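Enquirer: The primary structure of each chain is shown beneath.
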Amino acid sequence: MTDGDDRTESRIRAAFLEERRRAETDLRLEPLPARARPRSRFLARLAAAAVIVVVVVATAGVIGSLPGRTSTGPSDGPTASSMRTTAPSVAPTPTAVPRPTIDMTGRYPDGIPTTFDGQPVIRWDAALAMRDTAKDATQFLTGAWLTIPVGVFMCPASHADPSAPSTTWIDNGGCQFNYVSVDAGGQLAIQRAVTTFRFYKGTLTTGPAIMRVHTRDPRATQCGYQKAICDKMIVVDDIVWSGDAVTDPHPLSVADVLAATTQVSQTSGLRAPGPAVFGCGADAIDGLIMCPQMEPGVQYTSPVAGAVLLPSTEAMARALPTLEPGVDGALMPSAVSRSQGGSFGGWDYRQLVVDNVMIEVRTSVGRPSESDLAFLTRLVAALKAQETGS
Amino acid sequence: MSGLEPVQSAAATSADLARDKPAVDFGAALEGQTSILLASARALLRNEADARDLVQITLEIASRRIGELRDPLALRPWLMAIQVREAFRFRRRIERFVRLSPAVEELQSSPGPDSDVIALRAALPTLPPRARAAVVLHYLGGLSVAEVARAMNISENTTKGHLKAGLARLREEFRDD
Chain B
1 MTDGDDRTES RIRAAFLEER RRAETDLRLE PLPARARPRS RFLARLAAAA
51 VIVVVVVATA GVIGSLPGRT STGPSDGPTA SSMRTTAPSV APTPTAVPRP
101 TIDMTGRYPD GIPTTFDGQP VIRWDAALAM RDTAKDATQF LTGAWLTIPV
151 GVFMCPASHA DPSAPSTTWI DNGGCQFNYV SVDAGGQLAI QRAVTTFRFY
201 KGTLTTGPAI MRVHTRDPRA TQCGYQKAIC DKMIVVDDIV WSGDAVTDPH
251 PLSVADVLAA TTQVSQTSGL RAPGPAVFGC GADAIDGLIM CPQMEPGVQY
301 TSPVAGAVLL PSTEAMARAL PTLEPGVDGA LMPSAVSRSQ GGSFGGWDYR
351 QLVVDNVMIE VRTSVGRPSE SDLAFLTRLV AALKAQETGS
Chain U
1 MSGLEPVQSA AATSADLARD KPAVDFGAAL EGQTSILLAS ARALLRNEAD
51 ARDLVQITLE IASRRIGELR DPLALRPWLM AIQVREAFRF RRRIERFVRL
101 SPAVEELQSS PGPDSDVIAL RAALPTLPPR ARAAVVLHYL GGLSVAEVAR
151 AMNISENTTK GHLKAGLARL REEFRDD
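Protein chains in written order, with my numbering: chain B, 1 to 390; chain U, 1 to 177.
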């Protein structure tokens with residue numbers, strides 16, 4: 001290293017520091033913009049999430065075991081779906097009773113009711129069109145799929161303009177990492193400057209929703225120079241329905257996955273999806289993410305690294321189109337999502353797909369060992385057993 | 001992967017992160033890195049819209065994978081490693097990363113860059129993508145050579161080579177002979 005190098009390095013660092021200061025200033029003046037999420041996996045997931053097939057199979061016993069679960073019809077008022085519930089307090093009891101077919105009468109193909117409390121429920125694409133046609137703030141109902149990523153998210157401050165103190169209409173109130181599917185098969189996009197959850201006081205969670213919304217909100221004047229944007233935004237007043245048996249993940253439920261993984265690996269300790277769950281890397285798709293329960297200072301030993309549930313087998317196939325289901329699929333090189341090494345060894349993380357579930361399993365680096373193969377086989381069998389109730 | 005690395009201290013760290021500290025800490029910590037991420041993204045992509053998009057992608061991935069961060073003090077290297085990887089994916093996807101022609105979109109940042117900033121902006125696009133990434137990570141992000149190597153999944157010697165090439169090119173631009 002010469003003196004010239006030192007001098008150049010010093011100038012480079014100073015120039016970069018200046019660039020960073022500029023970035024700081026620019027972010028204050030113009031917070032990060034919205035963007036449609038470009039990842040194909042995400043689009044595929046939402047497309048898939050909206051395609052709940054006609055025949056939905058679920059075990060009444062398992063449904064009943066989920067806290068807050070009711071299998072009410074579309075006009076019975078708000079219900080808590082397993083897409084939104086916490087872990088069952090007890091493992092489900094396997095039953096030999098075949099899972100009943102659920103009536104899809106009065107439902108859109110993805111399971112969202114066409115009416116609620118006697119009022120029509122329009123799809124999200126129609127709601128978006130209302131932004132242009134609505135003359136006043138009359139409320140209406142719209143059904144969509146929300147994806148609320150778990151974890152902690154950064155919402156950029158948006159108070160650069162003192163005359164527009166409430167531009168959180170545009171940036172916040174759901175932050176910028178909330179997504180609403182436009183419709184079955186539609187593209188998922190961040191809803192910045194399109195819809196706001198700012199006035200909704202409840203908890204946002206991933207899953208189907210019927211939302212009571214309006215546009216032309218008189219409070220749009222709070223947005224200052226951006227009033228025109230706020231005026232056209234869809235303001236979510238309430239979420240009146242959040243899924244039921246028809247829209248629950250199937251054929252494997254959260255409880256099924258918990259039971260099966262515990263059966264084959266006592267230390268797996270997966271937690272049911274919930275807002276407090278942090279991503280554990282098993283997020284190849286954006287469904288209901290189940291991560292292991294970690295204990296401070298305790299080594300995690302289970303091969304089960306995490307799991308993701310989607311509403312249906314078809315949804316999973318769309319989300320991971322290149323991945324074959326079952327053990328054979330998990331053994332393919334393309335099933336390795338990533339590898340991780342450390343002083344204690346290394347692993348491949350393989351994606352094992354069984355119906356509507358993807359479980360990420362730690363296996364030996366490179367060629368899976370016999371014990372890896374045996375574990376994958378046992379896991380598939382355990383999941384299938386849950387599915388059939390045997 | 002949150003705590004999946006079977007190192008006790010690492011597992012404890014990630015679990016502590018996830019449980020014992022208020023969630024808002026992460027949000028604030030991430031927010032505190034936004035400006036350096038934007039500056040870095042601009043240096044990597046030289047296109048304002050893409051740069052901002054890259055920052056969002058980076059923050060989003062970081063938010064979802066915060067459990068993988070074993071050492072909270074290593075937040076910046078971790079974020080920048082994510083960003084560089086995503087930048088290269090960007091390049092593969094849209095071939096903008098290596099758009100080196102003079103027609104690159106002018107950045108719209110605050111006015112009044114000094115001569116070194118102008119020189120830096122002129123020189124960076126002429127560097128090969130990996131050398132550019134190494135320079136950005138090392139001189140802007142403050143990552144050590146070893147950290148840059150890990151972030152880019154290359155050897156330390158290769159990293160040093162990239163930095164040397166970058167330094168030489170920038171010295172020319174700075175006329176720092």
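Hint data in this document are derived by calculation from the structure and do not stem from the laboratory. What you are looking at is a predicted structure, and each value in this text was computed from that prediction instead of being measured. Among the hints, a few may not be true.
Stated by the list, open to error - Have a look at the derived ranges for each label pair, beta carbon to beta carbon:
| no. | chain 1 | residue 1 | chain 2 | residue 2 | range |
| --- | --- | --- | --- | --- | --- |
| 1 | B | T221 | U | S115 | 41 to 47 Å |
| 2 | U | G161 | B | D132 | 55 to 61 Å |
| 3 | B | I229 | U | P128 | 37 to 43 Å |
Each residue gets a CB set at the ideal place from its N, CA and C atoms; glycine is no exception.
Enquirer: Of the hints stated earlier, which fail here?
Expert: When the structure is compared with the hints, none of them turns out to be violated.
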